[in-house]
Structure formats: C-alpha cells, structure tokens
Amino acid sequence: MSIRAIVTAVAAGALAASALSLYVAGRRDGGQVREAQIAVLTQERDVARLEAEGERVSGERLAAALSRKANGQAVVAAFIPQALNTEDGHEILAADRAARLFDADRRLCQAAPDLTGCPAAGPGG
Numbered sequence: 001m002s003i004r005a006i007v008t009a010v011a012a013g014a015l016a017a018s019a020l021s022l023y024v025a026g027r028r029d030g031g032q033v034r035e036a037q038i039a040v041l042t043q044e045r046d047v048a049r050l051e052a053e054g055e056r057v058s059g060e061r062l063a064a065a066l067s068r069k070a071n072g073q074a075v076v077a078a079f080i081p082q083a084l085n086t087e088d089g090h091e092i093l094a095a096d097r098a099a100r101l102f103d104a105d106r107r108l109c110q111a112a113p114d115l116t117g118c119p120a121a122g123p124g125g
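In terms of our numbering, the numbers along the sequence shown are unbroken and rise by one, the last being 125.
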C-alpha cells in the first residue's frame, strides 16, 4: 500500500469520525431542546389546570354567597310588611311572635353562619 492510499484512508476515517461526532452532538442537543420544550409545555398545562380549578372554586363560592344573600333577603322580606304595619311596637313581644323571630334568626344563621351573633357551628352542624 502506498503512502497516498494510507493518507487518503486516514483522512476518510477522520472525516467519518467528525461526521459521526457532529451527528451525535446534534442528536443530543436536539433531545435537550425537546426536553426543555416539554418541560415548558408541562408547566403551562399545570398553570392552566390550576387556573381552571381556581375559577371553578371561585364560581362555587360566588354561587354559595348569592344563595345565602337570597335566603337572607327572603327571610327579611317576610317580616318587612309586618314591621311597617305594626302598632304595638312599644308593647311586650307575644310568645308566638318571639318564636317566629327566633326561627327567622335561626334561618339567617343557617344561611350565613359567619354573621355576628350566630352561634358557632358544632360538630353536628
């Protein structure tokens, strides 16, 4: 074998090794880029999931608050006509009327237990 053939074979081998090295480096770098993209997409998915959960919980809390408000307004509205037409505001409260007022207070406290004057809910509700 001549020197020229040896040099050509070494050059071809070096060129093949360089090409293989560049190919492997490109594959590795491409994999790292994909892993970074996957991590970003995963984080975005998690954020979207948390936002959706927060919106759902917020909607439930709003619905509960509006329900408590409507219940309270209904209880109060039932007593407004009686209060406007009463002539015995200075007299001692009758037992049946006191019972109705106590029932109204109880229903208000059930609708909104965090109101001032409502008893703290015990383990039984």
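Since the hints were made in silico from the structure, they are not lab data. Accuracy of the hints is not assured; some may be wrong.
The following label-pair restraints were derived from C-beta to C-beta distances [what the hints assert, rightly or not]:
#	residue 1	residue 2	range
1	G54	A99	21 to 29 angstroms
2	V33	A11	29 to 37 angstroms
3	T42	S67	34 to 42 angstroms
4	L15	T42	53 to 61 angstroms
5	T42	I6	33 to 41 angstroms
For glycine and all other residues, C-beta sits at the position ideal for the given N, C-alpha and C.
To see whether the hints hold, each was checked on the structure:
The hint said 21 to 29 angstroms for the Cβ distance between G54 and A99, and at roughly 44 angstroms that hint is violated. A beta carbon spacing of about 32 angstroms between V33 and A11 agrees with the range 29 to 37 angstroms that was offered as a hint. Checking the proposed 34 to 42 angstroms range against T42 and S67 shows it holds: the Cβ atoms sit about 38 angstroms from each other. Hint check: L15 to T42, Cβ distance near 41 angstroms, so the stated range 53 to 61 angstroms is violated.
Under the hint 33 to 41 angstroms, the C-beta atoms of T42 and I6, about 53 angstroms apart, miss the expected range.
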